[in-house]
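> The lines below spell out each chain.
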Amino acid sequence: MIVLETQNLTKQFGGLTAVNAVSMTINQGDIVGLIGPNGAGKTTFVNAISGLNPPTSGKVTFFGEDTTGLTPEQMCKKGLSRTFQIPSPFPKMTAIESVMTASIFGNAPGVVKDPVQHSREMLDFVEFPMAEDVLSEQLNTVQLKRLDLARALASHPKLLFMDEMASGLSEGELSDIMRILDKISRKGISILMIEHIMQLIMAVCNRLLCIQFGTKIAEGPTQEVANDPRVTKAYLGSAD
Amino acid sequence: MLLEIKELDAGYGYLQILRKVSLNVDKGEYVCIVGPNGAGKSTTMKTIAGLISPMAGSITFNGEEITGLPAYQITQKGIAFVSEEMNLFVNMSVQENLLMGAYIIRDKNVQKERLEFVFDLFPRLAERKTQLAGTMSGGERKMLAIGRGMMSDPTLMLVDEPSFGLAPQLTASVFESLEVLRKTGVTIMLVEQNVTTTLSITDRGYVLENGKVGLEGKSSDLLNDAYVKKVFLGV
Amino acid sequence: MSDNLKDKIAWMKSAKGITILGSIFLALFATINSGPYVLVNTIITGGMLALVSTGLTLMLGVLNIAMFAHGEFFMIGSLSAYYVFTPISNYTAMHPDSFLVTWGPMVAIFTSMVVGAIAGIIAEFLVFRPLRKRAAENWVMNSFLLTVGLSVLLVNLHQLIFGADFKGIVRYWGGMPFSFADVFISRDRVISFCLSAFIVFLFWAFMTYTRTGRAIRAVSQDATGAQIVGINIETIVLMTISLSCALAGVAGGSLLFMYPSYPTMGLEPLYMAWFVVILSGLGNILGAVAGAFMVALLKVVTVEYVGAGWDFVVPSILIMLILIFKPSGIFGSEVRGVLDT
Amino acid sequence: AGKSIAVGVLGPFTGPSAQTGEEFKASVQMAMEAIDYTVGDYKIDVVWVDSQSDPAKAAGAYAEAVEGKGIQAGVLNWHSSVAISVMDVAAQYKVPHMFGFGASEVVNQKWQADPEKYSYWGGKGWPVPAKLEKNYVEALNNAVKAGIWTPKKKIAAIYGEDTDWGRSAGGSYKKALEASGWEIFAEEYFPATQTDFYPLLSKFKKAGVSAVMGTSTSPAALTSFVKQFSEVGLKSVLVASGLGWIGDWYKMTGPASDYVLDSIPQLTTPEAQQWAKDVKAKVGFNPSPSAGGLSYDGIRMFIKILNRTYEKYSVLDKESIHKVMVEEVNTGQLTYGKKDGAIIMNEYKYTPETMPDMVVSSDAYFFPILQYKAGKGSIIFPDVWKVKEFEPKK
Amino acid sequence: METTNTVQSSPAWGTLLGKIGFNPAGILCVFLLMALPFIPPFNQEYLLRWLIYAAFIATLSVGFDFTSGYINIVNFGYAAVAGYGGYTSALLAVNLNISPWIGIFIGGANAAVLGLIIGMISLRLRGIFAACLSWFFGLALMGLATKLVWLTRGPLGLRTPRMFETESNIPFYYLIIVLLILTYVICKMVVNSKMGLAFKAIGQNMDAARTSGINPVFYRVFNFTLSCALAGILGGFYGHYYGILTPEVMHTTKTVEVLAVAYIGGRGSLWGGAVVAFPFIFLMEIIRSTLSHLPGLNLVIYALMLILVMIYYPGGFSHFFDVHIRQSKNKILRILTGNA
Ligand SMILES: Nc1ncnc2c1ncn2[C@@H]1O[C@H](COP(=O)(O)OP(=O)(O)OP(=O)(O)O)[C@@H](O)[C@H]1O
Ligand SMILES: Nc1ncnc2c1ncn2[C@@H]1O[C@H](COP(=O)(O)OP(=O)(O)OP(=O)(O)O)[C@@H](O)[C@H]1O
Ligand SMILES: CC(C)C[C@H](N)C(=O)O
Ligand SMILES: [Mg+2]
Ligand SMILES: [Mg+2]
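Protein chains in written order, with the numbering used here: chain V, 1 to 240; chain E, 1 to 235; chain L, 1 to 341; chain W, 1 to 394; chain F, 1 to 340.
Hint data in this document are derived by calculation from the structure and do not stem from the laboratory.
Predicted model, so just to flag it, every value in this text is computed and none were measured.
Treat the hints with care, since some could be wrong.
[Unchecked claim] No farther apart than 27 Å at their CA atoms in a straight line, the calculated lysine-lysine pairs in the DSS-like style are these:
no.: 1; chain 1: V; residue 1: Lys183; chain 2: E; residue 2: Lys230
no.: 2; chain 1: V; residue 1: Lys92; chain 2: L; residue 2: Lys6
no.: 3; chain 1: V; residue 1: Lys59; chain 2: V; residue 2: Lys92
no.: 4; chain 1: E; residue 1: Lys129; chain 2: L; residue 2: Lys6
The following block holds chain V by itself, in its conformation from the complex:
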């Protein structure tokens, strides 16, 4: 089943075309990696779909329904959650309160009977390393990202966008993230993840989408894309 489809999605900032006519699809159960050089337009692309910064033109279809230009809260209610590249917490709320916002107001308002319990489960699920009543403003970047993930999951998404979840992790810690990703995927949630750590991408993604200068340069199974010369040239560079 097709979860998400974009057709010629375009986003312009003044004269700059940050995303240029990108079409792609995500199928049920996919873990899609979105890669591309810095400033390629990945975050912008995700923002345009999730409603934070609506697209200039093009079309977004979510489970067969045209959702172009819907607001983030509408998208959330339809089952699309996301995390932020630059962590974006509720500074004066405790960790559990932050997660509760999503369990109460997210995609499944009626389903969650006990939001407190549910939020606690979510924090456990993402292996949040701190106490649940720590104030968000006291967390460091990595902890915040974990919290952000718990919040995104608490709203019962069908599709999850993750913007650079693994940045700042050491190789050892990558395995934690992989484990969590695996758990998420096993819940039947499809994932689109923006990531620069190739090690992680190669390990978990079944498909890749690579954009450069806002334009799609490759889409397909992971190995195929990773070996695509255009991708190597544009993204992986001489490092690989």
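Since the structure of chain V is provided, determine the placement of chains E, L, W and F with the ligands on it from the hints.
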């Protein structure tokens, strides 16, 4: 000895993070600090840069005691800091940000030279000279932050997680540019998560855990250390 | 060529373009419809507003202080100008050939600037610095409340020390009013307009081209970043506050001929300055100047076509409308700062 | 020994009208010092009741003065809005209060709705503006009739501060002007804090008005108006009612005030001039005949009432004072005039018909119209007091 | 009066009271307020007047904190909204002879509409911009009240009938205390429900709140509407108690009074301002009346207090209470504050 840290205690408010941390860096050396999240790597850097005043211990730079000096004086003494959060001037253009990096240099010509040096290093910045820093992508900002740090022609550069959020190609080029920098005689102290890469490019390393220095030694030795392998590389 | 044209059309369609073109159109219309005095009054009033608002912009944009006591520094300026100018004018009444006839007012206005700056420095040491040292969090709201307290304090100290009576002067510079196109303007107005234009220009040049000016802007955007590049923030903050208060003070001093000094005189200039600053967007000096002329135009046109007293209602409604469409002000940057969280 | 009575003085001692408060204070202190704070064998304690120009705070402060400080009577007040709320407090505690200046019609309406209850709010110190302000129009019309002045067009503009005072005065100009065949070009009210009148005056100038009439109690506004009037080159007659109520007005307007019409009780008697000098020596600014002078007369009349009460009942308390107020003051028996040393008006006299206002006429409470030149005013109206003819601006 | 900070820790004593935001100490306060008119020296009418004014400001500060403490927008035109409600009720009473008892609620409803409008037009604005928008809105309202003389009589003042035809202040006192408690309970129940979480979320981070599925439009507008409705009712009370309305009641300085009380009381607590208003306003009045020969000195002291509190205790009284009393080792205090 260019930088000598003795028994440093530091933290935030009443919360102590660093406990008796001692490190030293020789002129021209390329030193790294690695360690798990929350170990206190950034705290160490911030303390050296003067953004946090230490609770105890001493820091000497070039034989001169700089413990507790305010950040701007430390910068004037030749230490540049590229922070994890980047701390860019979001409403200024790329070029203005870079020029601010050369704030302590008064000579216009030297400023220009530095600017060209940085633009050579990061052509993307040259392309986006007039864009506001606040509208740049995450990776672009990182480049700008490093570029700004280089503008003051420092003796010692403290670089906190430069690869954070950078595409592989750029990560490589950032490390390359640090290498170039080092060849020009700049001493570099690097904090990184990517232990393998870090230890393979630096001369010497410290492993920080729970605010204490756990191990230290030549990078190549650390890379082969069983403990490091187990904890950081998940091997 | 066509690209150029496209850019121009895009500019015209932007909020900036629409408001600027709209203002010009409105000004032209009113001038043709009613007479050149509309234009002249707008320019003169705008110049005075610019002086009051640039100081406020500085406070807001650089230090993130939503200054509520700006009018009180205006009051301090006018009070000191009064005490300096009164003996001077008594002297010149006896000695009409003295150089003080021309330079006396300048002395008074200059004093108001210096006293304003000193008052600002005192405020920084006694009020703002202790707050900054103690708690950085919630700075915007806490510092705002602090300025509310400061405002009440200064108003009532004025009353306790200097009394509540109105302290005014007849004029700064004597002589016939200037006249062109059947519009008469007093010398005081013309000279204080020129003075404010000059000061605003100097200030703008200072902020844009000098090292210190750039440092001030840097601190406004990221204090840690500023420290990292070697800026001593304490000095910059001190300087910014004194500069802002000096601007308010010199505005009060140079407008003494119009606004006699009394304890609660600050509210009106405060309102006006806030109108301008919010309309034009925070921390943008040239924007504030343009905004000052727009607000002046709105005031003048409202008086002309709606009636006196409405020059409060109509502009505020219009500014609200503009804010609805352009939330960060006409010349405001899209990048969010501390003040809008 | 040891008998004393506390008297409340209600005024805006802080806030935007604090200058009026200071004038009140100076007047009361001087009047009291003159009698050494004694009436009969009573010592008078003066209690300052700060209205802060706010009806809510004034009511609280007044009640506190009654209960906490035990005031038995009150005098003065400046704002109509304060009068409305404090009237109820005075009635509640049955404390007689005299000579409040809250002038406008609301006060009269409220008073007349229940004269019994509000008998504690005694005669006002200022009549509704309509009774005084129409005189300007009469003076001007007389000048036209006498051929001294030939206005180009019979068009007038009305301005005023946007307060109860400004609006009711403006309303009375309008009525009187329209009744005598003038056309009103505009009626403009501005906030009392406004000081920039160029746009307004330019508009008047363009319309070619022959008379500009208005008032403000705000020194900043009115002096600016007068100055800018001459700066923009308007050639019409200017009525700036209340300019002279500002003690130091000439220091602010200078020659711009030449030819301006004002209605102001002059400090004609030697006592009055002595009083002005004394005040200046005491507080450092020239008092205004209106706020300072009238309040001086008000408090002195009040002292007269106290003396009378003491004479009649040998006690000074709220009941006895109220009785005298109702029986003798409001009936017109007890008046206060030049023979008692009044410095401003010929006579302050209340009658049941005029209450809560006083009798307004040229031998009682009256503001003559005068015209300024070089800072000095000469009476041009009424004819009986006239020292000079009206002189149009050239 | 207040109980819990976070939603999950439900109070140990009486859930019903807990739901409406009272703990034993709060109940004690309420009883105290109820009994106050019979306890000397407060049985004196003039002190009742102060109490009424204090309760008026206290109630306004609760409504004000409901917006500023939760969705983080300072409604700088709050007094103007209150005045608008007051004028509505007064005009109905004067022109249509509608009883003030009905009028104040119509005034509240009318102010709610205004709140709806302010909420809608300030939607895209954040922080200081939204505050300024509501400020300008307030200024415009005050301007209209001044200029529409045919309707409001402008500065001439609109005389309004009083709610009780009695000289005594006691009925007014109980009325305002009831309004205070109702306002507090309503606001508290709202913020203790899931709505409170939504308010906090959009107040602290709009983007994150939206991606969690919170519709900021609804919650922001709802918040403004409710707090403005409360202000409108209070404005009606003001008019029908003092018997006069002038545009001055809408002045920024009135908002500043409310704001000072709310902040000294502690942001985001609702009860802080309500508790602090009484001693604070009393203190000011006492200083004013004992130092009446130095007019303005009380305001100098007021200003100094505000400055000192902001510098040395920016969390305000509620924060102080939470840190030093609620979490104190003293058992009695803990029982009183419902933390036993
Ligand atoms: N509000 C904006 N105004 C102008 N340009 C913008 C704006 N937001 C983003 N851009 C530009 O759009 C381009 C794409 O940015 P985006 O943040 O999507 O990149 P990205 O692919 O996520 O990069 P990174 O991996 O570094 O996060 C960048 O060049 C950026 O500078
Ligand atoms: N401003 C702050 N206030 C209080 N605690 C802080 C602050 N900044 C960091 N900490 C805490 O200090 C500890 C050390 O943080 P630090 O940022 O130095 O770690 P790090 O080694 O750089 O980790 P990372 O790899 O995540 O960057 C962490 O537990 C963090 O929660
Ligand atoms: C002229 C003044 C006595 C008028 C007064 N301010 C009033 O409120 O009526
Ligand atoms: Mg990105
Ligand atoms: Mg770190």
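> Sort out whether Lys230/E lies within 27 Å of Lys183/V, counting only the CA atoms.
Answer holds: Lys183/V to Lys230/E is near 24 Å, not above 27 Å.
> Just to be careful, I want the Cα atoms of Lys129/E and Lys6/L compared with a cutoff of 27 Å; is the pair within it?
Status holds; Cα separation ~22 Å.
> Given the proposed pairing of Lys92/V with Lys6/L, does the C-alpha separation stay at or below 27 Å?
Outside the cut-off at roughly 46 Å; violated.
> So if I understand the rule, the pair passes when the alpha-carbon distance is 27 Å or less; does Lys59/V with Lys92/V pass?
Given pair Lys59/V, Lys92/V is violated - Cα atoms ~37 Å apart, limit 27 Å.
Hints 2 and 3 from the earlier list are contradicted by this structure; the remaining hints agree with it.
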